[in-house]
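Whole structure, please, built from the sequences with the hints as guidance.
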Amino acid sequence: MKKLMLCMIIFMLSIGVSIQVMANSGPPQNISLEILNFTKHFEIDFLIPFDRPLNEADIQTAQDQISFFDNNDFGIYYQDDYPSFLINFQDKDGYVSNTLYGASDYFYRFENEMALYMNLPRQFKIVLINSDNQLIISDVVEMEAYDQAFIWDLKGVTFEETIQYNVGIFEGLNINPFGEVRKYQELVIRIMITILIEFSVFYLLGYRLKQTFIKYGILNILSQTLLTLGLIYGIFIGNGAFANVVWLLLGELLVFGFEMGINGLMIKEKYTSHIVFSTFLANLASLILGTIISLELYRLLW
Numbered sequence: 001m002k003k004l005m006l007c008m009i010i011f012m013l014s015i016g017v018s019i020q021v022m023a024n025s026g027p028p029q030n031i032s033l034e035i036l037n038f039t040k041h042f043e044i045d046f047l048i049p050f051d052r053p054l055n056e057a058d059i060q061t062a063q064d065q066i067s068f069f070d071n072n073d074f075g076i077y078y079q080d081d082y083p084s085f086l087i088n089f090q091d092k093d094g095y096v097s098n099t100l101y102g103a104s105d106y107f108y109r110f111e112n113e114m115a116l117y118m119n120l121p122r123q124f125k126i127v128l129i130n131s132d133n134q135l136i137i138s139d140v141v142e143m144e145a146y147d148q149a150f151i152w153d154l155k156g157v158t159f160e161e162t163i164q165y166n167v168g169i170f171e172g173l174n175i176n177p178f179g180e181v182r183k184y185q186e187l188v189i190r191i192m193i194t195i196l197i198e199f200s201v202f203y204l205l206g207y208r209l210k211q212t213f214i215k216y217g218i219l220n221i222l223s224q225t226l227l228t229l230g231l232i233y234g235i236f237i238g239n240g241a242f243a244n245v246v247w248l249l250l251g252e253l254l255v256f257g258f259e260m261g262i263n264g265l266m267i268k269e270k271y272t273s274h275i276v277f278s279t280f281l282a283n284l285a286s287l288i289l290g291t292i293i294s295l296e297l298y299r300l301l302w
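Position 208 of the sequence shown, counted from 1, bears residue number 208 in this note's numbering, the numbering being contiguous throughout.
These are calculated hints, taken from the structure and not from any lab test. For each residue, glycine too, the CB sits at the ideal point set by N, CA and C. Some clues are possibly wrong.
[As the list claims (entries may be wrong)] No more than 25 Å apart at the CA atoms, straight line, and that leaves these computed lysine-lysine pairs for BS3-like: (1) Lys270 x Lys210; (2) Lys268 x Lys183; (3) Lys125 x Lys92; (4) Lys155 x Lys215.
[Stated by the list, open to error] Computed Cβ-Cβ distance ranges for the label pairs, DEER-style: (5) Leu229 x Asn37: 23 to 29 Å; (6) Ser273 x Gly217: 18 to 24 Å; (7) Leu204 x Leu297: 21 to 27 Å; (8) Asp51 x Asp153: 29 to 35 Å; (9) Asp153 x Met192: 15 to 21 Å; (10) Leu297 x Gly179: 39 to 45 Å.
Written out as structure tokens, the structure reads:
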């Protein structure tokens, strides 16, 4: 029986690896940006820190990169021609084009809405440029998590002869997901609901020993905490909504297997197969009933 439970856990882990590959078959969308209250024609790029002044070799490499992708019909920018002025531009703080000197996988733009799929540093600026090479540059944006959607409001801003720095107002920038108190409040509620439901199932199935409930309670706290931290980390590194749902389902499967295996080895009140099956039923009940109860509580509390 112990070998069977070990094989079950290994099998579930292998499923997790395959689902992760499917969920990340496309590059993560690191940024979704909308510009408000700006009607002038512009091109846009993101500026990233560069630890030294650009030299001729840097600029030549950037120009070669543009030529290579142009000749192979594979652009690195959202339009055919990259603004030439930005090729050798370095702002007052040393920031340079992410498209040319960073890592841009895909750059989408529709009017004043942009989506970027890239390995962008968590600290960057946004630059707008027009046909007269007039520049508008944002303040430094510091991202606390990837996969952020935010707004840059440029009300009252227009192109001028000199470069404009630190303009506009940002809205919707996320805080670090590990610092959100609500996520830990939800964790406590979820643990309480899970323990209530699963203890009830165990009691109905004939379990009475205090040690059984203590051990299972500690295991529940551990598994739910690890699951929550894993989901928060997924937000932190930029998993999209679909990937987070997949991770949640995968996490629940792993919790099933983890608790069935550990309970089968740790609890001695009944025979192993009874404990494993009881754990499965308890987890299934908490998954179904707990989801319904949690959603209703979230609706009432938040």
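Against the structure, the hints come out as follows:
Annotation: proposed proximity of Lys270 to Lys210 holds, straight-line Cα distance about 13 Å (limit 25 Å). At roughly 35 Å between alpha-carbon atoms, Lys268 and Lys183 are farther apart than 25 Å, so this suggested pair is violated. Among the hinted pairs, Lys125 with Lys92 is consistent with the structure: their alpha-carbon atoms are about 12 Å apart, no more than 25 Å. At roughly 59 Å between alpha-carbon atoms, Lys155 and Lys215 are farther apart than 25 Å, so this suggested pair is violated.
Our hint of 23 to 29 Å for Leu229 and Asn37 is violated, since their Cβ atoms are close to 39 Å apart. Under the hint 18 to 24 Å, the C-beta atoms of Ser273 and Gly217, about 22 Å apart, fit the expected range. Remark: the range hint 21 to 27 Å for Leu204 to Leu297 is upheld by a beta-carbon distance near 23 Å. Taking the beta carbon of each, Asp51 and Asp153 are about 31 Å apart, inside 29 to 35 Å as hinted.
Hint check: Asp153 to Met192, Cβ distance near 41 Å, so the stated range 15 to 21 Å is violated. Here the CB-CB span from Leu297 to Gly179 is close to 23 Å, at odds with the stated 39 to 45 Å.
Comparing the model with each numbered hint stated earlier shows that hints 2, 4, 5, 9 and 10 do not hold.
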